[in-house]
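Number of protein chains: 2
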Amino acid sequence: MKWSLTLIPTVKEVPADAEVPSHRLMIRAGLMRKLASGTYTYLPLGWRCLRKIIRIVREEMDAAGALDILMPSVQPLELWQQTGRDVDYGETLGRFRDRHGRWNVLSPTAEEVVTHLAAGEISSYKQLPVNLYQISFKFRDEFRPRFGVLRSREFIMKDAYSFDATPESLDRSYRLMYDAYCRIFRRCGLDYVIVEAESGEMGGSGSHQFTVPCDTGEDIIVHTEDNTYAANLEKAAVDPLPKQTAADPIPPMQEVHTPAVGSIEAVCEFLHTQPHEMIKTLIYVTSENTLAVLVRGDHDVNPEKLTQATGGQHVELADEETIKKVSGAAVGFAGPMSLVEKGVHLIIDHAVAALPVGVTGANQTDYHIKNVVPGRDFPLDGDNVLVTDVRNAVEGDTYNGKPLHFKHGIEVGQVFKLGVKYSTKLHATFLDEQGREHPCLMGCYGIGINRIMASAIELANDPDGIIWPISIAPYEVLITAVNLDDPQVAQTAENLYQQLKNRGLEVLFDDRPLRAGVKFKDADLIGIPLRLTVGKKALAEGNVELKLRRESDRRAVPVDQAPDRVRELVDQLYAELNP
Amino acid sequence: MKWSLTLIPTVKEVPADAEVPSHRLMIRAGLMRKLASGTYTYLPLGWRCLRKIIRIVREEMDAAGALDILMPSVQPLELWQQTGRDVDYGETLGRFRDRHGRWNVLSPTAEEVVTHLAAGEISSYKQLPVNLYQISFKFRDEFRPRFGVLRSREFIMKDAYSFDATPESLDRSYRLMYDAYCRIFRRCGLDYVIVEAESGEMGGSGSHQFTVPCDTGEDIIVHTEDNTYAANLEKAAVDPLPKQTAADPIPPMQEVHTPAVGSIEAVCEFLHTQPHEMIKTLIYVTSENTLAVLVRGDHDVNPEKLTQATGGQHVELADEETIKKVSGAAVGFAGPMSLVEKGVHLIIDHAVAALPVGVTGANQTDYHIKNVVPGRDFPLDGDNVLVTDVRNAVEGDTYNGKPLHFKHGIEVGQVFKLGVKYSTKLHATFLDEQGREHPCLMGCYGIGINRIMASAIELANDPDGIIWPISIAPYEVLITAVNLDDPQVAQTAENLYQQLKNRGLEVLFDDRPLRAGVKFKDADLIGIPLRLTVGKKALAEGNVELKLRRESDRRAVPVDQAPDRVRELVDQLYAELNP
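Residue numbers (the working numbering), protein chains in the order written: chain Y, 1 to 579; chain C, 1 to 579.
Hints listed in this document are in silico derivations from the structure and should not be mistaken for laboratory results. For every residue, glycine included, the Cβ atom is placed at its ideal position computed from N, Cα and C. Careful: at least some of the hints might be erroneous.
Unchecked claim - With the Cβ distance kept under 10 Å, some of the chain Y side facing chain C (calculated, not the full set):
no. : residue
1   : R95
2   : K342
3   : V344
Stated by the list, open to error - Here are the simulated DSS-like cross-link-like pairs (lysine-lysine), alpha carbons at most 27 Å apart as the crow flies:
no. : chain 1 : residue 1 : chain 2 : residue 2
4   : C       : K126      : Y       : K425
5   : Y       : K324      : Y       : K342
6   : Y       : K407      : Y       : K425
7   : Y       : K2        : C       : K126
8   : Y       : K536      : C       : K325
9   : Y       : K402      : Y       : K425
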C-alpha cells in the first residue's frame with residue numbers, strides 16, 4: 001500500500017482523555033478515532049492490526065477443532081431472564097424495545113443463545129463434544145469507559161462455548177482451549193501469565209485468566225515469589241491470620257457518641273483508633289437471605305468470594321431501607337451484635353475472627369461501640385454463622401505460608417468451566433448410551449481482540465511510538481523513500497516495493513512528498529517492525545538502509561540484496577514468536 | 001473438514017414460516033437457525049459461505065482502491081438528528097437509551113459517522129479522492145421480517161463512502177465501484193441486472209441498483225423489451241398519457257351522496273364507474289407545505305417521485321386532523337377543488353391531467369362529486385400547481401414510446417451519488433488549490449452480504465437442494481464414503497481427503513456411519529459443487545465416482561487420477577465465473 005493512497009492521520013497532540021500509552025498511541029498513530037464515549041472507528045492501520053489478530057485467533061481455534069459460527073448480536077431479553085443474567089449484568093447490559101414492543105439485549109456474550117441453539121440441535125452423546133465459537137461485535141454499557149479500547153463499550157470478542165458429555169471430556173475441551181490460548185497470545189507477541197480466576201457471573205466451577213502484566217493494567221495479579229501460586233485479585237486466596245489475644249482482659253462493650261462521622265478514616269481519627277482495629281459490618285441481600293458481612297476496616301469485601309460463600313447465589317448490597325430495618329440505624333452504623341437473632345446470616349472474614357477486640361457500629365445512628373470481642377459479643381460459630389475468606393488479598397498476606405506479591409495487568413482472555421448452569425436452565429440435554437437424559441457440561445472461552453492490540457502496545461513502545469510484534473503489525477515492512485524528486489530514488493523505491501510484495505510481504509510505501517524528518521518521525525510512531533530507507537546518498541553507493549524498529553542500528557544493504565535480506569529478517573521475527 | 005466433527009444439522013421438515021426456496025433450504029441444509037423474528041445464527045456451513053462472499057467483496061474493494069475500516073455499530077442519535085435521518089428512517093431505526101440517559105442508534109448504514117470522520121480528518125484537496133468501506137453488522141427494525149435472510153433485522157452489509165473534490169472525480173469513484181460490483185456479483189456466480197434507481201432516503205442525485213431477477217424477489221424491475229431502459233419500480237419513468245377529450249360537453253360538477261362507502265372499489269360500485277375514471281386526492285405534508293397529490297384511482301403514488309417533485313423534501317402522509325382541516329371532510333372525501341386558494345400545493349399526475357372527466361371526493365363527509373373536469377374544476381397550471389410523473393409504472397405504460405415490462409428481483413447492491421447532502425450538514429469540507437472551502441462530494445455503495453447467499457440459492461436449486469456456485473460454496477468438494485466399514489474404502493477415502501487438501505482444495509469428508517441413501521440425500525441438499533464417491537463396488541475396479549451437483553452424469557475415475565481430475569474440474573468451475 002502506498003501511504004499517499006491510504007488514510008494514516010498521524011497527529012502530534014496527545015488526546016486530553018488518554019490516560020495510558022496504548023490509548024495515546026492508537027490516536028496519535030492514526031489507528032483509530034473516538035466517535036463517542038467508549039466507541040471508536042478503526043482506521044486502515046488499526047483495522048489491519050485487528051484483522052491480523054482475528055486471523056491468528058481463527059487459525060488456532062480451527063486447529064483446536066472449534067467450529068466457527070455467527071450468532072445474532074440482538075438477542076431476546078426473555079432468554080436472558082431465563083438464566084437471570086439480565087439481573088446479574090444490571091445496567092451494563094444494553095437493552096432496547098423494538099417497534100413491536102419486544103425487549104432485546106445487545107449481546108455482551110452469548111451463553112444464552114448458544115445454549116438455546118444446543119438445546120435444539122444436540123440430542124445424543126454421539127454429537128459430543130462440540131465447541132462453537134464466533135468472532136463478533138459485542139456491547140457493554142460500561143459505567144465509565146476509559147483507557148481507550150481497554151475498557152470500551154463496543155468491541156470485538158472471540159467467544160467459544162464447549163459442550164461435553166462427561167467431566168473428563170470437559171477437562172479435555174478446556175485443556176484444548178487453554179493450550180490454544182497459549183499459542184494465540186504467544187503468536188501475537190504478548191508476554192502473558194496465566195492465573196487462577198473466579199468464574200463470577202459466568203457461574204462456573206473453574207477458571208483461568210490470561211493476563212499481560214503491565215503497570216497500566218486495571219487487573220491485579222496476586223502471586224507468590226516463586227510463582228507456584230498465581231491468581232487474579234478476585235480469586236486470590238489468603239491464609240487465615242493467627243488469632244490475636246489481648247494482653248489484658250477486655251472490659252465490656254461501650255457505646256460512644258460519634259456524630260456526623262462518616263468514613264472509616266473519620267471514625268478512626270475521632271476515636272483515636274486504627275482501620276485494622278475496626279470491624280466493618282456490611283449488609284447484603286440474596287434472593288433468600290439478608291447477610292451481614294464483616295471485614296476489617298482496612299480490608300475490602302471480595303464479591304466473588306462472597307458469592308462462593310453463599311453457595312453461588314446472586315448477592316447485592318442492601319438498599320438503605322433494608323439496612324435501616326436490619327440495623328435499626330442509619331447507613332454507616334451497623335454492627336454484628338444481635339443480628340443472628342433477627343434472622344440475619346453472619347459471614348465473617350478470618351481476619352475479623354482473629355481480632356482480640358475491635359470497634360464497630362452500634363446499630364444506633366451516630367453511635368459506635370468499643371471493646372467488641374469476636375466470639376464474646378457476636379458469635380463465631382453456630383447456625384447461620386460462617387467464618388471464611390471473603391476479602392481481597394493485601395500486601396502482607398500469605399498463601400500456603402508464602403508472602404503474596406501484587407502486580408497490575410491487562411486481562412486478554414479467560415477460560416471457564418461452566419458446568420450445567422446454563423444447560424439446566426435452557427434445557428440443553430443429551431441422551432447417553434443407555435438412553436438417559438443429562439444436561440450438557442459446558443465451558444466458555446473468551447478473548448478480547450481489541451485488548452490484544454492495546455496490550456501489545458502497552459508492552460512495547462518508546463517515546464517515539466509503537467513497536468509492533470511482526471505478527472500483528474499493520475504492515476511487516478515500511479519503505480521510506482526520501483528525496484523522492486530524485487528519479488533514481490523514486491524508481492528504486494518503487495522497484496523494491498514491487499519486489500517485496502512479490503515475495504509475499506505486507507509492505508507500506510511512504511511515497512509522500514515530505515521532508516525526511518517528518519517521514520522518520522511518522523515511521524517511528526506507527527512502529528512497523530522493519531524499515532527500508534531509500535535515499536540519495538546511500539543509493540550513490542548502491543545501498544539502501546535497513547533498520548528494525550526495536551533497534552537503533554541501521555545496516556547498509558546493497559539494493560539487489562535487499563529483498564532477500566528483508567524476507568530473511570521478517571521470517572526471523574516470526575520465528576521468535578513460534579519457538 | 002470431517003462431517004462427523006462439524007455441525008451440519010440437515011432436516012427434512014420445511015419450516016412453517018419459510019415462504020421462499022432460499023429460506024427453506026438454508027434451514028433444511030443446516031446453514032442457519034432462527035433465533036427470533038428476523039435474526040439468525042449462522043452455523044458452520046452458512047458462515048463459511050458468508051465468509052467466502054466477504055473475502056470476494058474485500059478483494060474487489062481493495063483492488064478498487066477503497067480503504068477497509070470499521071465504524072461503531074452503536075452511534076449517537078444526535079448525529080442522526082443533524083441529518084434528519086432519524087425521522088426518515090422512523091421506526092426502522094433501532095434506538096436505545098444508555099445508562100447515562102444518552103440516546104444511541106443501532107447502525108443500519110453509516111453516512112453520518114463516516115462524514116463526521118471525514119470532517120475531522122480531511123481538510124485538503126490533496127487528500128482526495130478517498131473511499132472508506134466496512135463490512136459489518138447492521139440492524140434494521142423491519143416491520144415484518146420475512147423471506148429468511150432476504151428481509152432480516154440483523155445482517156452483514158458492505159458499505160462504502162467516497163469523498164471527492166470535483167463532479168468528474170465523483171464520476172470516477174462511482175464508476176470504480178460500479179465496475180467492482182460487476183466483478184463481485186459475477187465472481188459470486190450471480191446473474192444480475194443493473195437498473196436505474198432512486199437514491200431515496202440516501203438523498204442523492206444518481207443511483208444504480210444491482211438486482212438478481214427471480215420470481216421470489218420483492219423488488220420490481222421495469223424495462224423495455226430491448227433493455228435499452230431498465231429501472232426499479234421506485235425510479236421507473238413513464239410517458240405521459242395522451243390527453244383524452246370528451247365526446248360531448250361535460251355538464252357542471254354534481255355532488256352525490258355516498259354514505260359509508262370507503263374504498264375506491266366500493267365507490268366505483270356505488271357510482272357505476274371505473275377506478276381509472278376516479279381521481280384520488282391524497283394529502284401530504286412537508287416541513288414547509290401541505291400537498292394534495294392527485295393520481296388516478298387505479299394508480300399508486302410513487303413516494304420517490306413525489307420526493308423529487310418537491311425538490312427533495314421529506315414528505316409524509318398528513319394525519320387525520322390535517323386532512324380534515326384541509327378538506328373540511330372526513331378521511332376519504334378530499335377533492336382538488338378550491339385547495340390552491342387555501343394555500344395547498346397541487347401535484348397532479350400526468351394521467352389525471354389527461355382525463356377528460358373524473359369523479360373525486362367532494363370535500364364533504366359522505367359525498368363525492370361527478371363531472372369533474374381537470375383544468376376546468378381545478379387548475380392544471382399556475383402558482384403552486386405542478387403536473388408531473390408521481391405514480392408507479394403499471395402494465396400498459398410506455399417509456400420513450402416503448403412498452404414497459406415488469407419482473408421481480410432481489411436487490412443485492414446499490415450505488416448512489418450523494419452529492420453534498422451529508423458533507424454540508426456535517427461540515428465535511430476541504431480547501432481547494434486556491435484555498436477556497438467546499439463540501440466534499442460524496443458517494444455511497446452498499447452490498448447485502450447475506451442477500452448474495454440467499455439469491456445464489458434462489459437462482460440455483462432443484463427439488464433435492466442447493467446447487468452452489470463454486471466460489472461461495474461452503475466447500476468445493478464433498479467426499480462421500482459409503483461402506484465405511486470396509487477398510488479399503490475407509491483408507492482410500494481418507495487418502496483422497498488428505499491429497500485433495502494438500503492440493504489446496506476445500507474438502508468436506510462425509511465420514512458418518514450412515515446408509516448411502518442418507519448420505520447422497522444430504523449431499524444433494526447441501527449442494528457442494530463436486531462430489532467424489534468412494535464405494536466398495538467401484539473401488540474393486542480401481543475407480544471412484546465423480547459427479548457435479550448441477551449435472552446428473554457420474555464419471556468413473558481411477559483412484560490415482562482422481563485428485564488431479566478434481567483440481568481440474570474445480571479450476572474449470574472458477575474459470576466459468578471469471579470469463
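Results of checking the hints against the structure:
1. The interface hint given for R95/Y holds, since its Cβ lies 7 Å from the closest Cβ of chain C, which is under the 10 Å cut-off.
2. Because the closest C-beta pair between K342/Y and chain C is about 35 Å apart, greater than 10 Å, the hint is violated.
3. Contact between V344/Y and chain C, as hinted, is not supported at the beta carbon level, the nearest pair being about 31 Å apart and thus beyond 10 Å.
4. Of the pairs offered as hints, the one joining K126/C and K425/Y is violated, with about 60 Å between alpha carbons and a cut-off of 27 Å exceeded.
5. Between K324/Y and K342/Y the CA atoms are separated by roughly 13 Å; this keeps the pair inside 27 Å, and the hint holds.
6. For a cut-off of 27 Å, the pair hint linking K407/Y to K425/Y is broken: about 38 Å separates their Cα positions.
7. Under the criterion of a C-alpha separation no larger than 27 Å, the hint pairing K2/Y with K126/C is consistent with the structure, at around 15 Å.
8. In summary, the hint linking K536/Y to K325/C is not supported, as the alpha carbons are separated by about 80 Å, beyond the 27 Å threshold.
9. At roughly 41 Å between alpha-carbon atoms, K402/Y and K425/Y are farther apart than 27 Å, so this suggested pair is violated.
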